[in-house]
Amino acid sequence: MNAPASSHRPFVARRLDWLRENLFSTPLNALITLVTLALLLWLGSRFVSWALLHAVWGRADVATCNALFGQGACWAVVADKWRHMLFGIYPQDEQWRSALAVVIFCGIMVFSAMRAFWHVWRLLALWLSGSLLCAWLLAGGLGLTPVPTALWGGLPITLMLAVFGTLFAFPLGILLALGRRSALPIIRAASIIYIELVRGVPLITVLFMASIMFALFLPEGVSFDKLLRAQVAIILFNAAYIAEIVRAGLQALPRGQYEAADALGLGYWQTQLLVILPQALKITIPAQVNSFIDNFKDTSLVIIVSIFDFLYAVRQAVISDLDWRHYFVEGYLFAMAVYWLFCYAMSHYSQWLEKHLSRDHRL
Amino acid sequence: MFNKKPLCRSLAALSLGVAAGSTFAGPTLDAIKQRGTLVCGVHTGLTGFSAPDKSGKYAGIDVDYCKALAAAILGSPDKVKYVPLTAQQRFTALQSGEIDLLSRNTTWNSKRDTTMGSVFPGVWFYDGQAFVINSKKNPKVKKLADLNKASICVETGTTTERNMADYARANKLTFKPVVFEGQEATEKAFQSGRCDAYTTDSSGIAAMLVNLPNKGDYTVLPEIISKEPLAPMLRRNDQEFFAIARWMIYALQQAEESGVTQANVLRMKAESKDPAVQRLTGATAEVGKGLGLDAEWAVRALQAVGNYGESYERNIKPLGLVRGMNALWNKGGLMYPMPLD
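Same order as they appear, the protein sequences are chains B and D.
So the first sequence is numbered by this note's numbering: it starts at 1 and just counts up by one.
So the second sequence is numbered by this note's numbering: it starts at 364 and just counts up by one.
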């Protein structure tokens with residue numbers, strides 16, 4: 001903050017100054033620093049000793065782990081059960097399809113993140129082809145063994161719910177945002193009611209509605225796929241949040257843009273599509289990436305309607321195996337690492353994007 | 364095999380349905396036959412009852428019951444579609460017709476039997492709530508009364524918490540419940556010494572202890588404080604399906620009583636002079652006919668999963684649970700198959 005930025009002093013001296021000023025400025029501060037440091041060291045060394053030094057690595061049987069029970073981590077559980085953890089109870093012979101779907105979902109995300117793809121048609125082509133390919137791979141048919149959705153699970157489910165949940169929510173969100181700023185009272189009221197209603201309830205409630213209440217409204221024997229219902233619920237839920245982000249972008253545009261479009265004689269849709277939205281969407285990209293990270297993590301809630309997302313697949317893999325069931329902490333740490341990998345990559349991307357966009361585009 | 368009957372039956376069902384204004388797709392059994400699969404609601408993962416095995420396929424005693432029914436009705440134990448359900452979802456899934464039957468360690472009680480439009484064909488497993496303590500830490504605790512004023516780890520959102528409170532009130536004890544979310548978190552908390560005892564169903568305690576490296580430190584207290592007769596659950600609209608579901612339970616238990624197993628069922632059918640075996644295997648009597656099935660229905664079920672005792676051996680024994688109440692009536696248990704005659 002107010003550290004003397006005298007750049008010609010040697011590096012070590014500068015570090016020491018920083019330490020003295022920020023961590024040891026008063027006796028109390030020094031004490032707090034030391035206590036915190038001791039605590040961190042103690043916890044850190046215990047964790048390192050448990051997770052790394054005394055751990056069982058690679059493939060090993062349960063007896064090896066049991067011998068070290070409570071002293072060292074048993075990463076052998078991940079080595080043994082990784083397929084179940086990543087792909088749930090998807091038939092083992094067909095799990096290459098799940099793996100391929102994961103790769104394609106990641107591909108969709110990576111390519112959408114590249115500027116070269118930021119054109120409506122390219123994005124549409126990418127998303128449509130990718131989604132259809134994944135749906136075909138997971139569901140089967142047309143030459144592949146059909147796999148019912150009740151058997152889908154693991155990382156593909158998490159990615160699917162997150163990617164589709166954003167993809168289809170996006171157009172709906174834009175319409176809602178435009179609707180909320182519309183001059184037509186009924187459209188405006190409907191949009192406001194929808195957005196505020198959905199934002200007023202937790203995702204769990206929406207999932208419960210879709211999965212449990214909805215089934216009761218239908219005549220007996222008629223039922224939509226459970227996964228589809230949850231996916232639609234997530235889409236409808238995300239749309240309300242995306243709408244608010246887009247609305248922020250719309251409001252950030254100066255009135256001059258609207259007036260200029262009017263002056264050119266453009267109609268409502270032309271104004272929106274050609275002038276307003278391209279600018280508004282661009283400034284909201286970092287916020288959209290944030291909301292995508294949120295969606296990605298929120299998908300783990302679908303287990304309450306018994307859809308086996310990645311987190312639950314990890315739990316199930318460990319808990320349902322009598323040999324390994326006491327090593328679920330290791331399983332959860334593995335899940336944490338995978339979630340972290342995805343979220344960290346995305347948040348890094350959003351930081352890069354913010355910098356990138358602020359450089360070439362200022363309103 | 365079932366060529367003409369479904370048509371007649373669905374016509375009858377249609378007229379009945381119109382009269383009663385209730386069903387759309389006809390009775391459950393017709394829907395099962397037409398579809399060619401039995402849709403079975405199971406637990407999302409409870410070892411011994413229904414959980415994916417090492418190869419990712421559902422296995423367990425509740426799953427075996429579904430397989431036996433599918434073998435009897437549809438001719439193959441593989442014609443089952445498993446729908447994993449959470450505790451909250453299970454009854455709606457049954458009521459809305461998403462599943463044909465619920466085989467998901469569900470306790471049979473009067474409320475569920477009378478107010479939910481459902482029926483229970485019979486008890487498939489007797490469970491009960493028990494307590495486990497760390498006897499190394501609390502060597503003096505020998506019975507539940509010794510746990511007065513102790514802290515007890517319990518999982519949230521289950522009936523175990525209420526059962527414990529009821530028991531404490533009735534016996535003038537005080538328990539301090541320490542509530543956790545999820546089975547593994549509750550177990551871990553107990554093992555790390557967060558509470559003096561842990562309470563859940565006996566089968567759950569057995570599953571925790573079976574491969575625990577230091578399981579010698581733990582003792583299960585003798586008291587069982589609740590009755591948990593776990594039973595399959597069906598909609599009330601189909602008497603024929605109900606009869607099959609009920610007599611499937613008895614047939615598999617009768618097979619154990621008469622010594623008919625997965626391995627010897629065909630030989631027994633051909634050779635046995637025991638009238639009970641002859642009726643069970645369809646060698647003489649018409650049990651199957653009364654159920655609207657062929658004579659071989661029980662043979663197929665036995666070929667698929669074995670008798671009740673075999674299913675128990677395969678699924679529950681690995682948990683380290685003794686037969687106890689689930690033994691046959693003539694072996695000191697409660698399983699009493701009604702005569703197939």
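Worth flagging that the hints you see were computed from the coordinates, not collected in a lab.
Since the model is a prediction, treat every value here as computed from it, not as a measurement.
Incorrect hints may appear among the rest.
With a straight-line cut-off of 16 Å between C-alpha atoms, the simulated EDC-like cross-links for lysine to aspartate or glutamate are [to be verified]:
1) D:K417 / B:D225
2) D:K417 / B:D61
3) B:K282 / B:D225
4) D:K420 / B:E94
5) D:K420 / B:D93
6) D:K590 / D:D529
7) D:K503 / D:E603
8) D:K652 / D:D580
9) D:K578 / B:D323
10) D:K680 / B:D93
11) D:K551 / D:E518
12) D:K417 / B:E244
13) D:K444 / B:E244
Now the hints, each set against the structure:
no. : hint            : in the structure
1   : D:K417 / B:D225 : violated (27 Å)
2   : D:K417 / B:D61  : holds (14 Å)
3   : B:K282 / B:D225 : violated (36 Å)
4   : D:K420 / B:E94  : holds (13 Å)
5   : D:K420 / B:D93  : holds (12 Å)
6   : D:K590 / D:D529 : holds (13 Å)
7   : D:K503 / D:E603 : violated (55 Å)
8   : D:K652 / D:D580 : violated (55 Å)
9   : D:K578 / B:D323 : holds (14 Å)
10  : D:K680 / B:D93  : violated (29 Å)
11  : D:K551 / D:E518 : holds (11 Å)
12  : D:K417 / B:E244 : violated (46 Å)
13  : D:K444 / B:E244 : violated (41 Å)
When held up to the earlier numbered hints, the structure conflicts with 1, 3, 7, 8, 10, 12, 13 and fits the remainder.
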